[in-house]
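4 protein chains.
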Amino acid sequence: MATGVWLVGARGSVAATSIVGAAAIRAGLAEPTGCVTELPQLQGASLPPLGELVFGGHDVADTPLAKKADALAAAGVVPARLVAAVAEELAAADAEIRPAPAVATQREAAALVAGDIAAFRDRHRLERVVVVNVASTEPLVQPHPAHDDLDDLEQALGGTTPVLPPSSLYAYAAFTAGCSHVDFTPSTGARLPALAQMATLHGLPYAGHDGKTGETLVKSVLAPMFAMRNLRVRTWSGTNLLGGGDGANLADPGPNAAKASSKQRVLAETLGYEPQGHTRIEYVDDIGDFKTAWDLVTFTGFLGTSMRMEFSWHGCDSALAAPLVLDLARLTAGAHRAGRSGALTEVAFFFKDPLGTVSHGLAEQWAALAAFVRGLGDA
Amino acid sequence: MATGVWLVGARGSVAATSIVGAAAIRAGLAEPTGCVTELPQLQGASLPPLGELVFGGHDVADTPLAKKADALAAAGVVPARLVAAVAEELAAADAEIRPAPAVATQREAAALVAGDIAAFRDRHRLERVVVVNVASTEPLVQPHPAHDDLDDLEQALGGTTPVLPPSSLYAYAAFTAGCSHVDFTPSTGARLPALAQMATLHGLPYAGHDGKTGETLVKSVLAPMFAMRNLRVRTWSGTNLLGGGDGANLADPGPNAAKASSKQRVLAETLGYEPQGHTRIEYVDDIGDFKTAWDLVTFTGFLGTSMRMEFSWHGCDSALAAPLVLDLARLTAGAHRAGRSGALTEVAFFFKDPLGTVSHGLAEQWAALAAFVRGLGDA
Amino acid sequence: MATGVWLVGARGSVAATSIVGAAAIRAGLAEPTGCVTELPQLQGASLPPLGELVFGGHDVADTPLAKKADALAAAGVVPARLVAAVAEELAAADAEIRPAPAVATQREAAALVAGDIAAFRDRHRLERVVVVNVASTEPLVQPHPAHDDLDDLEQALGGTTPVLPPSSLYAYAAFTAGCSHVDFTPSTGARLPALAQMATLHGLPYAGHDGKTGETLVKSVLAPMFAMRNLRVRTWSGTNLLGGGDGANLADPGPNAAKASSKQRVLAETLGYEPQGHTRIEYVDDIGDFKTAWDLVTFTGFLGTSMRMEFSWHGCDSALAAPLVLDLARLTAGAHRAGRSGALTEVAFFFKDPLGTVSHGLAEQWAALAAFVRGLGDA
Amino acid sequence: MATGVWLVGARGSVAATSIVGAAAIRAGLAEPTGCVTELPQLQGASLPPLGELVFGGHDVADTPLAKKADALAAAGVVPARLVAAVAEELAAADAEIRPAPAVATQREAAALVAGDIAAFRDRHRLERVVVVNVASTEPLVQPHPAHDDLDDLEQALGGTTPVLPPSSLYAYAAFTAGCSHVDFTPSTGARLPALAQMATLHGLPYAGHDGKTGETLVKSVLAPMFAMRNLRVRTWSGTNLLGGGDGANLADPGPNAAKASSKQRVLAETLGYEPQGHTRIEYVDDIGDFKTAWDLVTFTGFLGTSMRMEFSWHGCDSALAAPLVLDLARLTAGAHRAGRSGALTEVAFFFKDPLGTVSHGLAEQWAALAAFVRGLGDA
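Residue numbers (numbering that gives the first Met the number 0), protein chains in the order written: chain A, 0 to 378; chain B, 0 to 378; chain C, 0 to 378; chain D, 0 to 378.
Next up, chain A with everything else stripped away, as it sits in the complex:
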């Protein structure tokens, strides 16, 4: 039996790249480069095969996936020949995309979303479905008393004033439909006490937050390097220039604050202190999907000697994110199958702002991930 991947933001760049890629790899037209779960150290019968994933989702946009994929090909994110070769699969996934529901209460909206997901599962006789949030980043959410308790939340959802941000409403709907959940964005998603209760109650696992694709990935190996060498980092200042839809959204002060805060967490937690400097995100339309990040690190060595390091990262965010979305869908489905519920802290490897109290060093996260996959057995 196949596994479903229900993408919130299913017509965005990351979703489209994931769907094109999964189809191209299944057809033998591309290597699974960038897919961590295809590395020998992580392979095992416990994860649903990459070739057996079925895609659907929600999106407010109605541009067809095929058109989105053409735009990605024009921008150099995916090869045009692959887009052409998987046209049929794109059309099939597109037919499984539903609009965001427009109803009076969030309770009704959640019920409709959960219904869409359940119908998708039934229609394709899927063993299970993983809901993955790849929608635009939300502003930092306002706290609300009903966020802390599931009973209060259930009640509040019946009112006409929205109580949950969209990302959390989708997580609520996923749990209602008996599905696990992955948040690939810095949005709130399942990160509320009431939703944690719900996941445990329903025996469902969830993972997050904020896919670690570029600058923060590099930070998560460089910061431990300085720490292991007992060198004192004084300044760590970063500039991120990015275009595309994600860039335009992150240039808004709200989402920008959410993202920048997520990006600096690795430093304080790895080094044990917070160096000077900030991370800045600037939207530059012309840069498109290829983000450029520049970081300056100044540090002190033996007897106080000042030294410095700079790096530039020029990466395609969608191409870096898409294989990780496939990885996380497989890992979360595998965890669900193995009976795991609650926060999957062992997949911190994939996230800028991981759940739980975990190491931010990439190597320790890798070791935790490998142990996790082994622990899922060969069920």
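Since the hints were derived computationally from the structure, they do not count as laboratory data. Among these hints, one or two may not hold up.
[As the list claims (entries may be wrong)] Below are the SDA-like pairs computed for lysine to any residue, each with C-alpha atoms no more than 25 Å apart in a straight line:
| # | chain 1 | residue 1 | chain 2 | residue 2 |
| --- | --- | --- | --- | --- |
| 1 | B | Lys66 | C | Ala73 |
| 2 | A | Lys66 | D | Ala83 |
| 3 | C | Lys66 | B | Gly75 |
| 4 | C | Lys66 | A | Ala74 |
| 5 | A | Lys66 | D | Ala72 |
| 6 | B | Lys66 | B | Thr299 |
| 7 | B | Lys66 | C | Val59 |
| 8 | C | Lys66 | B | Pro63 |
| 9 | D | Lys66 | A | Ala74 |
| 10 | C | Lys66 | B | Ala74 |
| 11 | B | Lys66 | C | Ala84 |
| 12 | B | Lys66 | A | Ala83 |
| 13 | D | Lys66 | A | Pro78 |
| 14 | B | Lys66 | C | Ser358 |
| 15 | C | Lys66 | B | Gly287 |
| 16 | C | Lys66 | B | Leu81 |
| 17 | D | Lys66 | A | Lys66 |
| 18 | D | Lys66 | A | Ala83 |
| 19 | B | Lys66 | A | Ala79 |
Everything numeric in this text was worked out from a predicted model, so none of it was measured.
Following the hints, complete the assembly by docking chains B, C and D onto the known chain A.
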């Protein structure tokens, strides 16, 4: 009882910085920044305290240590106030530096060197002495049949034709004197079958090769990052600009080849394949002790998308090396005390070109090092 | 007869570096590196000699110049041996620094300042005095009707509500005292119609704005390069990290906006269109006087091919500014002596935001400067 | 009447990009971005219109131009849609490409080449033809006595031992056919006394050497910046990583030396002294046509303060070169029409290693170029 550190190249930049630093830290005038063995995770009673190291050594130069330290202060490598504050300790170490012996056969030279070391040990009633090579890099050595067997070597040393490169002759002398040995350079040192036999025979540990201070340190965390993310590195090309005595020496084709080969090893062994590109070393007198390295990495991600990363590293080699020299002296003395003999493969963390078949990823090397220190116990 | 240089902000980093440098060069202890007016192409009898400048000024701070110079030496901006060698000259200049006047109306304040300057001129029997603003950058000024007409301004200055920003009040005082004026900062200074009238009326020249020391200097040669090659710049995004007093001030939103706007002007005026991207200024205390700027330029070439350039600039702002302050004092005094009055548009070479409608390309500015110096004759 | 452009190396990347681009611009499918002679300041009736150039040439390769253009499109150098749109023009140019002659003496070879060119001119009733060398770089040439005198050369060409390098033989053939000549490579071309005599004798102009497309272009604006600011450049060290056919060729020690020497000339001649450091060229197949250059510049400012600048240039060499080839063909044809003969020193703007004793600063070169175009009149 104190521990001796016998530096081959005792009047060079790295040696002088190490001696100034050890004295300054002992006097409470400087923090042990850059000293790995001072990190909480590695502390333990099994290592000789940093404050109980006594320094001596050999050098062909006769510029006094105090003068060398003044030059380092002028170049910004060490603070002038620290050099002034430890003048007495510098004079004491300087009084323990012996010239390279000038005699007819290498056997006689080794005996004289061993005698110098033993006299140093007796004079200071040292528990033991670690011999550390911080001299200039030698050209790649010509193979010689006597390198493969200790008996053959003993015999060949009696001839008037030199059979060992200087770095190996010092290792031979160290073992003769019952001392452990560290090679902080890419030179041959103890890395010959005959010398390995000798170390085992005498129950002596040795460590090496080529201190990992800058560009290669960064490589040893970035290369595993690409590997863990299943990204395909296509090109890794590096340029090293360095001045000072080490730079002038490395600009010679012989030592340059030795160094550059040592620097690329981490890539092939971490990635499992060799990307395109080379590492170039250029001598630029004006740059002095502050080395600038620039690396370009191009890599392929999901569906073949091309991406790239660049980094610049601007570090002071002597300031990066000196604390590691102190670390290695302490670790090797601790291993000697605990009865370890032969190649210390567990200290690969410190080296570009480590002994044995070991991981080149910094995080795995760190784990091995921590386990090693724990294993030495609290004897 | 000597020429006076009256520095507004006389105890700041730029002022102190200028005074130390002028004294050191006069004493033959340093080369005039960085002094443009010492280049063969610009030398001539029309400018007062570097060695005959006499320094005084105003400052709200009361830290003695000698102490400021010691701090600059500790930070690596000036050599400690030079500071020690010119202690007498520093004390002499320090004795000529007056506090900012604290009185009821701006008219009274201007009269006191003008009196201080005139007394300085008389005391030293100076041929003339140039007033140079090297104080901290002000926020963008609020327009006021009295800014547009000298008569209105004269009247408004008598009220108790301040009508001029401090930088402009000093320019007013300079003109009152019969002195020429240079604004080395982005502040308003003499850049008001009423003050332009006043300069013309009194036959006084003035120059400005905002010394071009680092990133913008580079822009002023790279932007013409792209223009001359008919390459289309798409993005030009800059990040400036700086510490020191100037950095802390520029991190305030007000001065930051003034500075950033001044920095982008060169692009629009050289290219003929405004590329995407912004210039960001971040205060990082640890970086001190050595600023790091990073710029990314993306551009389109033949048939639409996308290309890119990045540069990092690591410069000491005070060391870059100080020789230009000396140059401008000499050039403005020379213009004054030659009977020039009003805006000196020919010294645009020195400024980010030059007066008048002038080329922003460095080479054209250089040609204009050379012609200007030749035009001053050998009087 | 139209003007012919005879490309030596007519099936290489630069030639193919030039031909595609000229056709696309003529058809109104692309802007003349990168074409300097299309800037308003340089336009005039004295140059043959871009749309009236007719292409032919010699090449040892027999891959059709259309196939080469497809490869360039796949590599991202030119848009595939443009290649498709100009298929007819590519085929027409391809039909005008002749193989290199294989005969016993260089005299015979030159006669055959000249015959090919003359036939091309007649067939298309061209007003005149410009021969442009865009072939691979040759090794530095061995001096030969016959290089110094035209009579000696004419005689030596009759022997069976080659006396001229291929680039010079083509220049000789061009002059024989009454055509002007441009050398876009660092090869010898017309740069021999005997050939200079020949050009003057026949009343023919020639231009060269080595198109200034990337790193050296940037040097030619940055080096004057340091000079104009009286800053002392200490080190200028460059690394060029390039792939493609040009890269493979330049990795050979011979051509590499020719190129690297051409690249450093700008520094010594602009600064008036030679800073430390070298330019290195490394061939990295994976990088393809997009070259990456990294330069480190260290410099000294006021009172000896050390500062630094780094830049990375990521440019497509063929896309940067092609519009300049079109520019040079137009300019040289215009000069020929206007009766100019001998070395065209006024087009130094385009070259790394320009003919004659000229400024290496880009702005002065630009001024010389603009004056040159104006001087050609509107004939």
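Do the hints match the structure? See the list:
1. Pair hint B:Lys66 plus C:Ala73 holds up; C-alpha atoms about 22 Å apart against a cutoff of 25 Å.
2. Only pairs whose Cα atoms come within 25 Å are accepted, and A:Lys66 paired with D:Ala83 is accepted, the gap being roughly 23 Å.
3. A threshold of 25 Å between alpha carbons decides the hint, and for C:Lys66 with B:Gly75 the separation of about 22 Å falls inside it, so the pair holds.
4. Our distance criterion of 25 Å between C-alpha atoms is broken by C:Lys66 and A:Ala74, whose separation comes to about 58 Å.
5. Simply put, A:Lys66 and D:Ala72 have alpha-carbon atoms about 22 Å apart, close enough for the 25 Å limit, and the pair holds.
6. With a C-alpha separation of about 51 Å, the suggested pairing of B:Lys66 with B:Thr299 is violated against the 25 Å cut-off.
7. The hinted pair formed by B:Lys66 and C:Val59 fails the criterion: a straight-line CA distance of about 44 Å is larger than 25 Å.
8. Between C:Lys66 and B:Pro63, the direct Cα distance comes to roughly 35 Å. Violation of the 25 Å bound is thereby established for this hinted pair.
9. Between D:Lys66 and A:Ala74 the CA atoms are separated by roughly 24 Å; this keeps the pair inside 25 Å, and the hint holds.
10. Between C:Lys66 and B:Ala74 the CA atoms are separated by roughly 24 Å; this keeps the pair inside 25 Å, and the hint holds.
11. Between B:Lys66 and C:Ala84 the alpha-carbon distance is near 24 Å, which keeps this suggested pair within the 25 Å criterion.
12. With a C-alpha separation of about 72 Å, the suggested pairing of B:Lys66 with A:Ala83 is violated against the 25 Å cut-off.
13. With a CA separation close to 20 Å, the supplied pair D:Lys66 and A:Pro78 stays within the 25 Å bound.
14. About 53 Å separates the Cα atoms of B:Lys66 and C:Ser358, which puts this hinted pair outside 25 Å; it is violated.
15. Of the pairs offered as hints, the one joining C:Lys66 and B:Gly287 is violated, with about 30 Å between alpha carbons and a cut-off of 25 Å exceeded.
16. Taking the CA atoms of C:Lys66 and B:Leu81, the gap is about 22 Å. The hint holds against a cut of 25 Å.
17. For the proposed pair D:Lys66 and A:Lys66, the alpha carbon gap of about 29 Å is over 25 Å, so the pair is violated.
18. Restraint check for D:Lys66 and A:Ala83: the C-alpha separation of about 23 Å stays at or below 25 Å, so the hint holds.
19. For the proposed pair B:Lys66 and A:Ala79, the alpha carbon gap of about 66 Å is over 25 Å, so the pair is violated.
Checked against the numbered hints listed earlier, the structure breaks hints 4, 6, 7, 8, 12, 14, 15, 17, 19; every other hint is satisfied.
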